[in-house]
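Student: Sequence:
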Amino acid sequence: MGKFDLYVGRSVLLATLGVLLLLVGLDALTSIVDETDDMRDGYSFLDILIYVGYTLPRRVHEFVPFAALIGALIGLGRLAASSELVVIRAAGVSMFSMATMVLKPALLMAAVGFAVGEFRCTPYRAVGDESPGFGATLRVSRSGAVWCLEPGRQYVCAR
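Going by numbering that gives the first Met the number 0, the sequence shown opens with residue 0, and the numbers climb by one from there.
Because the hints were derived from the structure by calculation, they are not lab data.
Glycine included, each C-beta is placed from N, C-alpha and C at the ideal position.
Do not take every clue at face value.
To be verified - Distance windows between CB atoms, simulated:
| id | residue 1 | residue 2 | range |
| --- | --- | --- | --- |
| 1 | Ala109 | Arg77 | 20 to 28 Å |
| 2 | Leu16 | Glu117 | 29 to 37 Å |
| 3 | Ser30 | Ala114 | 20 to 28 Å |
Modelling step: build the complete structure from the supplied sequences, incorporating the hints.
Tutor: Structure below.
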């Protein structure tokens, strides 16, 4: 049973990581394209890359649930396409055991997503929001308040 656990778990985990990489990459790319509209004298392409880099942990945190679902479906689909799930069932593995084989990498991805969300998203997002592209319009104070200056209008504070 240990070999089946590793085999199914590896298949699901690799598919999940591939989907996560694809989703985060596409989101980062669209963010880079969107940020190029805001380029001006003090905001260069390097600043855009730095900002998007600082927001990557938040993007990973947002896409982990979708990647886990789609990755599990792709991983199991690959196994089913080559009849490997049938072979595992024929070897005497119960449906409950097969479900736990899939659940283990899903729980691992959930733990990674939780850890990224709790320990990496907030500090990096605050640094990214204070990058040169947003320096004139958005500031995050140490108390957690966000100050925004709308050009020619007023200051707005959100807590």
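Student: What hints, given by number in increasing order, does this structure fail?
Tutor: 2
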